[in-house]
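Heads up: the sequence lines are chains A and B, in that order.
The first sequence begins at 1362 in this note's numbering and counts up one residue at a time.
The second sequence begins at 306 in this note's numbering and counts up one residue at a time.
Using 16 Å as the maximum straight-line C-alpha spacing, the simulated EDC-like pairs for lysine to aspartate or glutamate come out as follows:
id : chain 1 : residue 1 : chain 2 : residue 2
1  : B       : Lys395    : B       : Asp379
2  : B       : Lys311    : A       : Asp1442
3  : B       : Lys310    : A       : Asp1442
4  : B       : Lys571    : B       : Glu344
5  : B       : Lys473    : B       : Asp559
Every beta carbon over 12 Å from chain B, so not counted as near; a handful from chain A, in silico:
id : residue
6  : Cys1421
7  : Ala1498
8  : Phe1511
9  : His1513
Hints are computed from structural coordinates only; laboratory data are not their basis.
Since this is a predicted model, take the numbers as computed values, not measurements.
Virtual Cβ for every residue (Gly too), placed ideally from N, Cα, C.
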Amino acid sequence: MQLNPNSIDLNAILSSPNFSYLLGADDLGRSILARLLRGVEVSFVVAIIVTGITMLVGVCVGLLAGFYGGKIDRALMQITDVFLAFPGILLAIAFSAVLGPGLVNLMIALSITGWVSYARLTRGQALGLRNRQHVLAAESLGASVPRMIFRHILPLLTSILVVEATYSLASVMIAEASLSFLGLGIQAPNASWGAMLRDGVRYMLIAPHYVLIVGLSLMSLILAINLGGDYLRDKLDVRTEK
Amino acid sequence: MFLLKKLSNFAIVIFGVLILTFLLIHLVPGDPVEVMLGESASTADRAQLRTDLGLDQPLIQQFGSYLAKLSHGDLGNSIHTKTPIIETIKARYPATVKLALLALLIGICIGVPMGIYAALKANHWQDIVVTLVSVRLSAMPAFWLGPMLMLIFAVWLGWLPVSGMDSKASIILPALTLGFGLSAILTRMTRTSLLEVLNDDYIRTARAKGLTERAVILRHALRAALLPIITIVGLQMGSLLAGTVITETIFSWDGIGRLLVESIEKRDYPVTQACVLIVALSYVLVNLITDLLYRFADPRVKLA
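Whole structure, please, built from the sequences with the hints as guidance.
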């Protein structure tokens, strides 16, 4: 059984599932199963790094805006408004287009565009928490601003942020796959689900199993992550209005 | 006052969008001229392009002349075809709008009836199935749904053309791809807003005076539930425009989304810049119109 994602076997080009290639082989005779596994590994790493960066930046911006309010809040929210003026994945496409393809540029593009939703979410929550009794009490006892933010506001945001992070793992993975699908993300010969799906479409007429297997895998993955998010949401009892 | 605030906010956002798209070309690592023309280009060609794009001037001045040109509807020239970009966009834009509108229609035709059905069967198994399917469907990206529809309807069943724009039926698969996602969102929205009004007093009154169930739902309940649905439709129209980038690429549909992807492949950055700007402007404009319509349509929302 072939498990090297980059080993080329010219006799197995586009072969359907069989014993040595459990899920068949792609247009260069590489094992689809092995490439799916390698692709999802890269995808997870990208998703975790991007989610980490965007969460850090977004939460900081959101806390600043929500805690201080007033002019700072208005200015920061105006900036997020500009970012939100680009629908969906458009801005990420634009950034990765000018930055050029590649893994690092892909993560930069997704990070530049991803922090906005965290900023919005955190800001809304922080705005409400700012005037809670326990925060006001801490303030009147002379607590410093960082102490109020990190001791009294941030802990109350943990569960909502954990749930948001789970969903954003799925959306970053979709975004990464979309960009790779357009040829802007992970480059050949490295495996990526988006690029595999594009190749699958190209060979749809002669090897429909290729696109079908990649498509079904992608569907199951997104489903699994979102179900995980739902579970966490119920478990942590987070109520979000989307 | 409300209108003024809304419009000034709109103006600021537009200005921000202009700055961001303008700066795009300056984010190119290294020398953008070299990236666009390739290493084999002659020095004269490079100098020419640099002057054409105004890259030899200070940044502020560049932005000024960018805005001045835009106000005349001048988006610059394509590096590849040397023709004005605005002409290409004029030629491609209608195809995208056509696709988005048909997708919207499909979304409404599937989503609203499904939503009504789910609301009427609230908490029965039918409702659970519909909600489950719609929640899951809306999480599926276009580049998954598109190839799957293509595989089923074009390759296996052979009912519809695989891709391209040659026959009238070519629009069906891309429109379905975009429309399904929208219908899932609309189903949920219709269900929620209908359930909200179904317990209101005037619905009980309508039932009490002996109206048929059909009249109660269609004439009384749905009318009140329509406003949030309209808002969602408006907001989704923008996402549809963005979704066309991938869908058009899958189905070789010659709209503005495919133009964007093509320009990226050719490193024709002025075209990329123009496409991003046009899509973002359309999105912001549709959102503004939706917002205003909503305020004027609902007498309960004060314009203060």
